[in-house]
Amino acid sequence: MDRFDTPTPELQTMPLGLYDVVQLALLGAGFALLAYFLYSLTSRNEVSARYRPSVFAGLCLAAVAMVAYALLYSDWDAGFTLHGDVYVPNEEARNTLGTRYIDWSVTVPLLTVELLAVCSVAGAKARNLRFTTMGAAFLMIVTGYLGSQVLSDGRDATALVVWGLISTVFFVYLYVALIGAVRASLPTMGEESAASLRNATIVLLSSFGVYPLVYAIPVFADVTPAWLTAMQVGYSAADVVAKVGFGILTHKVAKLRTAEDVVAGIDTHPEPIWSSNVHKSDGVLPEVGRVSPAVLAAVHRAPDRGAGTDPV
Amino acid sequence: MDRFDTPTPELQTMPLGLYDVVQLALLGAGFALLAYFLYSLTSRNEVSARYRPSVFAGLCLAAVAMVAYALLYSDWDAGFTLHGDVYVPNEEARNTLGTRYIDWSVTVPLLTVELLAVCSVAGAKARNLRFTTMGAAFLMIVTGYLGSQVLSDGRDATALVVWGLISTVFFVYLYVALIGAVRASLPTMGEESAASLRNATIVLLSSFGVYPLVYAIPVFADVTPAWLTAMQVGYSAADVVAKVGFGILTHKVAKLRTAEDVVAGIDTHPEPIWSSNVHKSDGVLPEVGRVSPAVLAAVHRAPDRGAGTDPV
Amino acid sequence: MDRFDTPTPELQTMPLGLYDVVQLALLGAGFALLAYFLYSLTSRNEVSARYRPSVFAGLCLAAVAMVAYALLYSDWDAGFTLHGDVYVPNEEARNTLGTRYIDWSVTVPLLTVELLAVCSVAGAKARNLRFTTMGAAFLMIVTGYLGSQVLSDGRDATALVVWGLISTVFFVYLYVALIGAVRASLPTMGEESAASLRNATIVLLSSFGVYPLVYAIPVFADVTPAWLTAMQVGYSAADVVAKVGFGILTHKVAKLRTAEDVVAGIDTHPEPIWSSNVHKSDGVLPEVGRVSPAVLAAVHRAPDRGAGTDPV
Amino acid sequence: MDRFDTPTPELQTMPLGLYDVVQLALLGAGFALLAYFLYSLTSRNEVSARYRPSVFAGLCLAAVAMVAYALLYSDWDAGFTLHGDVYVPNEEARNTLGTRYIDWSVTVPLLTVELLAVCSVAGAKARNLRFTTMGAAFLMIVTGYLGSQVLSDGRDATALVVWGLISTVFFVYLYVALIGAVRASLPTMGEESAASLRNATIVLLSSFGVYPLVYAIPVFADVTPAWLTAMQVGYSAADVVAKVGFGILTHKVAKLRTAEDVVAGIDTHPEPIWSSNVHKSDGVLPEVGRVSPAVLAAVHRAPDRGAGTDPV
Amino acid sequence: MDRFDTPTPELQTMPLGLYDVVQLALLGAGFALLAYFLYSLTSRNEVSARYRPSVFAGLCLAAVAMVAYALLYSDWDAGFTLHGDVYVPNEEARNTLGTRYIDWSVTVPLLTVELLAVCSVAGAKARNLRFTTMGAAFLMIVTGYLGSQVLSDGRDATALVVWGLISTVFFVYLYVALIGAVRASLPTMGEESAASLRNATIVLLSSFGVYPLVYAIPVFADVTPAWLTAMQVGYSAADVVAKVGFGILTHKVAKLRTAEDVVAGIDTHPEPIWSSNVHKSDGVLPEVGRVSPAVLAAVHRAPDRGAGTDPV
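Residue numbers (the working numbering), protein chains in the order written: chain A, 1 to 312; chain B, 1 to 312; chain C, 1 to 312; chain D, 1 to 312; chain E, 1 to 312.
FYI, nobody ran anything at the bench for these hints, they're computed from the structure. Keep in mind that this is a model prediction, so the values were computed, not measured. Positions of the beta carbon are idealized from the N, C-alpha and C atoms, including for glycine. Treat the hints with care, since some could be wrong.
Stated by the list, open to error - Residues on chain D that point at chain C, a partial pick, calculated with CB under 10 Å: (1) P272; (2) L285; (3) E287.
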């Protein structure tokens, strides 16, 4: 096919305006991710231990994506040199799409953890679901990467289509599994948290839909500087929505469910919980306990249980 | 118009003195933002959970602005080369205004969050107001950016004026909405916190007024090295006032309101609150609670509610 | 032997595709380590003081490995220059295997600490075991390094074999000692934590097996670009499994054992513990104590015991 | 005047030994500031909320000064090239004095906050004093900067003298105001804290005296490489004394006064306080409170007070 | 003397193998310091306020040494260029010994603080001892630095010997003072903590002995590439032992003494203390206090005592 005789998508000679738009889209997404990373880092104790795995997933993926955008920004900056009125790509420009796939191979599995940890699936069922959705998310990215970047440098339309379809299989499984978990969880929580969980799911799954659309651009069109701009801006916007927008909604679900647990008396939380200036639950300290010297001594006396050669 | 045949504003050949003034203005603003970032990071627990979203907004925007100034400083340093007694701009100098807009597109929406979170608007009304003011702030920046940077590289006076006016519409909405929220909130709080909130609002909204003035410079004057210096110093000073000055006042409101809530008995806070060496409230621990085994067991027994395949 | 007349393994002229695969493997492993570092940093208080040395070991080794991968990525990026369709190595490429050994000489001893700290061995026995396994791990790496990197730049098959065998002696000791400690500990803990400890041990020891296989490549085959790619990808994947995968399982053991201790009444922990959304233990605060003025005064009165020239 | 025909003070061709002394002075001061920054960051909770603004000022200014020294070190390193046995300055060397003024314009006002926050001035009087001393400190630096760096590149002796005198006016106000505040505070505190406050004030104000002496060097002497070395080493040493030495003494005052407040029963502090291994006060937890549902409901029912569209 | 006609010690033309050994020794020491820095940062609350100055000293010195090794690694990397089979030094290689002295001038005084803070010397005696040992440590480094680096670039054997002897005087004082403090403290603590304190002292003082040995190398031998390698590896190993090894032992003393204080009833500590899986003390919360309104009002009413223009 003719359109695949052109250079790889990322190596376009860019006019000034489009070059600047991509650079600033990368910077803007990086700034948004930095802000969200700091938010999830500093607000993580507003959520009880039950839902905190969701916050951990959010902050880890925010950090990875933030570093990825720092690399993308720096590779875009160093990867093109101004000759007259156009920016000509060099060796460093070759990573400006590939780095995204590596980022996603870590962050998309973590997004499924972030969502599932505020659902009500528990125990072995939760572990299985987490394992299979993380696996599907990882394979979805890796197979998409093989089609678009590795095989013939993304210039072979057949590879793009075949690997795109394989990737889609994992994509479909992910949708079905996540929607199932969310649906089963909605009746177990309060109205406001259920509404936020529904919104979070919609935001995540609809922003996921942007990626295959951008992926398919080189199948249907010659990649021109304008198309590359569209790809970079589209990916950046989708990353912000799927990570920052989704993350803020998920955090809200976790906070509201913490308050529900405290009110229901099944959890303690040392701080009151407020949401949009409305009081949701009081702070509740755990009870004061007493370490049992007898049990402790038994632990230290039992050398064949592996403990206890140095009792106090 | 003649004055738009000159190069884009950021590509001036700068004499030594003016070049140094801009470089040091960028550095000074970056230092002030670094100090403020660390202050909001380390002091965030002086404020109760109710008003903490204000602190989170403040620290996230401080971090973004601080990184933006680090980039501006480094681009200004690398973007000019000394030839004899003048600094001649190169390719890296092209970002020294555009990076500001990207910074603002993230930080100005967060400034509205910072202010609203110490007001008394609550619940759905608060969420709507937050959403619309963040949107208006974002669009105010993006449209200003289109006029001044993207279209004809900011050299088309008509574009500057038209997009400037569109930007102004969002600007006006923002003023009206924020002033309304502050006015409604002032009677709900103590005298000292109300005074600080009033000051914070005045500082924010008046420093916002500097931006359109600087924006309008290229409409009324040829951008000379002196004007570029005025623009860069003006933006830097306005950023410090609107972020650091405003943030310190907002933090004070949040702290004083926390003390008022503790004194009124509607909130607990583990630390005493002092302001300017005056004692405002005692520390108050939350009550000790008890997790209810019956309710907990019910949660774990209810598999169709999504939980409970592994009861303890 | 002929195959050792070729250049050192790390100085291959790499075709585009293989070069990219290595670069992205390094980046992906670095991202995974960054995420895991942040996870162990922020989740460290979910574990009681008893098992926290395991978390400390995990987060310290994650940081070291993360920095090592940042160096590997940057050396790989700067260490090759694109000439036509191939990447030609330069001076900076010389560290892209050696840096790994330095990383391992710090991180592998810490991995044994991470495992032993969730076992039940205690007191002097624990200190001895920790000391000998850390020593064996360190010597295993150093002797492997001598054989593969220092002596004749890894091109002397005899050295590779001899030092490989010496390294194997430490390797065998490590296996025997760690398996012994784990076996003695399994009966002392609950079913779920024992299962996770078993899994963690299997993950660690089986991923350790990858390293000698990769080490042996230059003994049995000419190091071609494809083999170098296999080595770099193999090491990166093994590092992720042995550090991140193992670390998450170890953290789970530590969390579940904390809950067991709280339930048994031999420890306090200020937070409830939940695992996969299942409640494992309530939060328990320590008792309120009283400082004894008489004892304290005695301390301050006893100048020849070194204290007390300034009693209050 | 003849001596002002020589190049600006910072552009000296430096012999090897003097060049090295400056480089290592910059590095040593940077190391001391890094250590002090980490100390104030990690020890900040040893001080009660009353005096914590002092710690915040100290850690923010330490961070700014630390970054300033990192820039000075890097500009000094890149700003000179070895030609034979001498280091010849280039463009990057131009910032190696100016960066100091920008640092001081942020850090000197914060030093006054650090001192005043452990004094006993309170309320409106404290706010006024803080405002005027911060302003005087800022203007003292800015006017000194105008004289020594901006006007005629610091080669005009008249400007040096005139602006130096203006700067001195602010300097004198600062001394008078700070000494007044300290004097008024000494009788309100214990003997040991008063002694430390006196020492801290002496350290701060006497190290401040070094700056005008160094400033005056170019008025009285040709700036030779030896004089530049004296200036850089003098400024570095004064910065370490005025920031690190002063900060450690201030921290001690804040800690001792916290203990005094706890012993007097006017404050709670969750940790015992020890100073130089001597017990100063017990830890005291705040009382357990109870959120009043009636008051809370009133807040949420009062829509015209701005709160309460979503009562729980 | 002939051997001093050769170039300064740090400017050797290095063969491949020795160059790599130094580079990896610098990297390995840097990694160990990074791990130890994170350990002391995250474990600092395992120690009570009484002994925490020891932890603060340890983490501050670890950070300084870590940054120093990052500079050494980067200067070593950039300071030599590969010409054929040898690495030829350039301008950047000149710091690769000097940076060590600057590091030590900050870190060695902090090492004495780290040790003294777990001894039992208290009050004025402790302050004097800390002051004189910090001073002696600082002067020991500075005089050694003068002899080996500044005067004649370390090529004058007489200067080496004379300044080495002066440095030794401070060295001897340090030994005597520290051993005295440790000896006086051993009887005041439990058996296990005393054993660890003894070990820590031996580790510190014996590793200190390595430095004069390395320092003396250029007096007795021509500095060849092999000797430079021995110097760099010797210093790196001594730094790891004296900082990391010593620090871990000191931390153990601090932890065990905290447990002793809690058991004796003279201190509270919110967490149980375990060491090598053996339970040493329960967690003990401080008592709940009550702020006295009368005393507080008196403070606020006393304007001439400096407080109270704004009573609540």
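Subject >> Numbered hints the structure breaks, given as an ascending list >> reply: Violated: hint 3 alone.
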